[in-house]
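Participant: What follows is the residue order along each chain.
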Amino acid sequence: MTILQVQGLSKRFGGLQAVDGVSFPLRQGTIKAVIGPNGAGKTTLFNLIAGMLTPTAGEITYQGKAIQGLPPFRVAAQGIARTFQNIKMFAGMTALENVMVGRHVQSKAGFLASMLRTSGCRAEERAIHKKSLELLDFLGIADCAETLATNLAFGQQRAVEMARALALEPTLLLLDEPAAGLNIYETAEIARLIVRIRDLGVTVLLVEHDMSLVMDISDEIVVLSFGRKIAEDIPTVIQRDPEVIKVYLGE
Amino acid sequence: MAMSQNFGKNLVFLPIVAAVILIQLLTAWTGSVYYLTQLTMSAYYSLLIVGLCVLMGYAGQISLGHAGFFAIGGYLSAALTTRNLSPYSGQLPVRLLDSLGCLHAGQDLYGDPLLVVTPWVACIIAILVALAIAFILGIPVLKLKGHYLAMATLGFGIIIYRIALASSYFGEADGISGVPGFALLPGLLVSGDKAYRVSNYYIAWTVLLLAMLLLRHLINSRVGRALRAIHGSPEAADAMGVDTARFKLKTFMLSAVFSALAGVLLTHYNGGIGPSEASVMKSVRYVAIVAVGGMANIWGALAMGMVLNFLSLRGFFGTYDDAVFGLILITIMLFAPNGILSLQVRGLWRQRGLFRRKKPAVKEA
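Chains as they are written, first to last, in the working numbering: chain V, 1 to 251; chain F, 1001 to 1365.
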């Protein structure tokens, strides 16, 4: 079943056509990677789906609903969570608190209920706390819970970011270069994690530079070059695609 | 600066309550009960300051216009409870208010009939107006960031100040005097009369500590986390589903209500209000105090609010009153941007390395 359909998606910045008529489906429960050389439009495509940019043309349909142009917080409320390439931890908050923020859309206590600390609010707070600890445990960083997130090692911050995104209980998880800045051991760890997340039933769309990661874990790959889609297939086919090889290695 | 996260534990209030009682007993024993007047006034100013602290320190929004909200509360309450409505007693709105029990009939100094709005109703009207203005002002203004937001709120503060100064309804340069006491409950009067000095000290502290309790709950809640998240990384907060504009606006309105309530109560306590309460220097002072307290620290804001306002009201800074707060702001920004409580004894110079070349901040990609 297709959970996300990108159709004729385009984004123009002044004279630059960053994304040019890209279409692809994303099947539920799969890992799909978007790859391409620098400047191919991967990040722009990613930001269009996450709601940080509004497309010039085209549609993004998520579970039957058009979501293009929705602001990020509304996209998140639809069940689409994301991580950032240059990790964005909430400064001044512990790893656990960072993940607890991820429970935002799954909870509802407002200003008045919070100030009065109603019994419903207290129960919700306990549930948020419990769920967030479980997620830190799932990602193997439970012992970092009370550490300030910005003081953690880079790989751990990436894990906190994933736990935070998973706290939304997303049906679709967008990962923006999850292996950026990680060494090979950490990359292998992240790869295992992404597969485990997929096995939980979460659909994953990732933008990535690291070829070994992409080839190892992706069910399907979309290749972009100068904003256009030049190939879309399973990893073994993509690896042998002459056009893809030309784009990556030159002629 | 890790946040203490002991959910549900409000034991932290015990020593404060004890200190409040101890101070009152001390003034009684040493025959210096007059100190309670300034302590009461400081408590009301601190009510505004802790509200502003949540806006600045947690939601990360600066406001140089909060004296304006204080003035809206104070002036409306003062005007409504002193301006005689008896010449209009035949008109429909006045008759309607009267039939709802919102008006109080009496006699003025010359024995003429006096018909004014009762303090409770005036208080509610003043707070609702402040809330509405914060809402209308907040929607466009909170789209601005940093110094643009500071400028816009400054503009608001100036407008309120000029209205207070220019309008005869609000007493122009003289302000409004003769504001009656505010009976919160039968026998519990907010009034500057000597006879009520001790009870008013406790009323002010009860209101302030209740406000602290509410704010403490708020900060350690889903809403507080969302606010701190907005402050920590607005983009990531947005991606987590936090409607940042809405949360900023609601915090702005909350802090405006705290300010207006402080204005209402202090005006009834003082028996009047003058335009200086609306002045921009007051707003700057409040911002300076929140900064000294450590921005994201309501206890620091409370402590500094009490100490600095008390010293100021006792005339400790003399004619340099406003200059002192300006100096405080400069000093804090230079040496202790995380507030005076964050300073280590190690020495000011090493704290910031002012006279050394700064190493470029190493940031991982």
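Some clues are possibly wrong.
[Stated by the list, open to error] According to the in silico footprint, chain F covers these stretches of chain V (three or more CB under 8 angstroms from chain F):
no., segment
1, 54-68
2, 187-193
[Said to hold, decoys possible] Below, a list of computed lysine-lysine pairs in the DSS-like style, where the Cα atoms sit at most 27 angstroms apart:
no., chain 1, residue 1, chain 2, residue 2
3, F, K1250, F, K1143
4, V, K32, V, K65
5, V, K108, V, K32
6, V, K130, V, K88
7, F, K1250, V, K32
8, V, K108, F, K1194
9, V, K108, V, K65
10, F, K1250, V, K88
11, F, K1143, V, K130
12, V, K65, V, K130
13, V, K32, V, K246
14, V, K131, V, K108
15, F, K1194, V, K88
16, V, K108, V, K130
17, V, K108, V, K88
[Unchecked claim] Ranges of calculated distance between the beta carbons of each label pair, as one might list FRET restraints:
no., chain 1, residue 1, chain 2, residue 2, range
18, F, L1100, V, N86, 41 to 51 angstroms
19, V, N86, F, R1314, 43 to 53 angstroms
20, F, I1136, V, Y185, 52 to 62 angstroms
21, F, M1151, V, E243, 19 to 29 angstroms
22, F, V1012, V, K108, 20 to 30 angstroms
Just so you know, the hints here were simulated from the structure itself, not pulled from any lab data. Every residue gets a Cβ at the ideal spot worked out from N, C-alpha and C, and that includes glycine.
Participant: So, for every hint listed, does it hold in this structure?
Facilitator: The hints, checked one at a time:
Check on the segment 54-68 of chain V: 0 of its residues sit with their Cβ under 8 angstroms from a Cβ of chain F, so the three-residue criterion for coverage is violated. Counting residues of the segment 187-193 of chain V whose C-beta lies closer than 8 angstroms to any C-beta of chain F gives 0; at least three are required, and the coverage claim is violated. Only pairs whose Cα atoms come within 27 angstroms are accepted, and F/K1250 paired with F/K1143 is accepted, the gap being roughly 13 angstroms. With a C-alpha separation of about 20 angstroms, the suggested pair V/K32 and V/K65 falls inside the 27 angstroms cut-off, and the hint holds.
A distance of roughly 32 angstroms separates the Cα atoms of V/K108 and V/K32; the hinted pair therefore is violated under the 27 angstroms criterion. A threshold of 27 angstroms between alpha carbons decides the hint, and for V/K130 with V/K88 the separation of about 23 angstroms falls inside it, so the pair holds. With a C-alpha separation of about 39 angstroms, the suggested pairing of F/K1250 with V/K32 is violated against the 27 angstroms cut-off. A distance of roughly 47 angstroms separates the Cα atoms of V/K108 and F/K1194; the hinted pair therefore is violated under the 27 angstroms criterion.
Our distance criterion of 27 angstroms between C-alpha atoms is met by V/K108 and V/K65, whose separation comes to about 23 angstroms. Using a Cα cut-off of 27 angstroms, the hinted pair F/K1250 and V/K88 holds, with the two alpha carbons roughly 24 angstroms apart. A C-alpha spacing of about 35 angstroms is found between F/K1143 and V/K130, which places the hinted pair above 27 angstroms, so the restraint is violated. Only pairs whose Cα atoms come within 27 angstroms are accepted, and V/K65 paired with V/K130 is rejected, the gap being roughly 32 angstroms.
For the suggested pair V/K32 and V/K246, the alpha carbons sit about 22 angstroms apart, so the restraint of at most 27 angstroms is met. Between V/K131 and V/K108, the direct Cα distance comes to roughly 15 angstroms. Compliance with the 27 angstroms bound is thereby established for this hinted pair. At most 27 angstroms may separate the alpha-carbon atoms for a hinted pair to count; F/K1194 and V/K88 exceed this at roughly 56 angstroms. Restraint check for V/K108 and V/K130: satisfied, since their Cα atoms lie roughly 16 angstroms apart, inside the 27 angstroms limit.
For the hint linking V/K108 to V/K88, the alpha-carbon distance of about 24 angstroms falls within 27 angstroms, and the restraint holds. Roughly 59 angstroms separates the CB atoms of F/L1100 and V/N86, a value that falls outside the hinted 41 to 51 angstroms. For V/N86 paired with F/R1314, a C-beta distance near 51 angstroms keeps the hint of 43 to 53 angstroms intact. Our hint of 52 to 62 angstroms for F/I1136 and V/Y185 holds, since their Cβ atoms are close to 56 angstroms apart.
Between F/M1151 and V/E243, the C-beta spacing of about 54 angstroms breaks the proposed range 19 to 29 angstroms. Checked against the given bound of 20 to 30 angstroms, the beta carbons of F/V1012 and V/K108, roughly 27 angstroms apart, stay inside it.
The structure shown violates the earlier hints numbered 1, 2, 5, 7, 8, 11, 12, 15, 18, 21.
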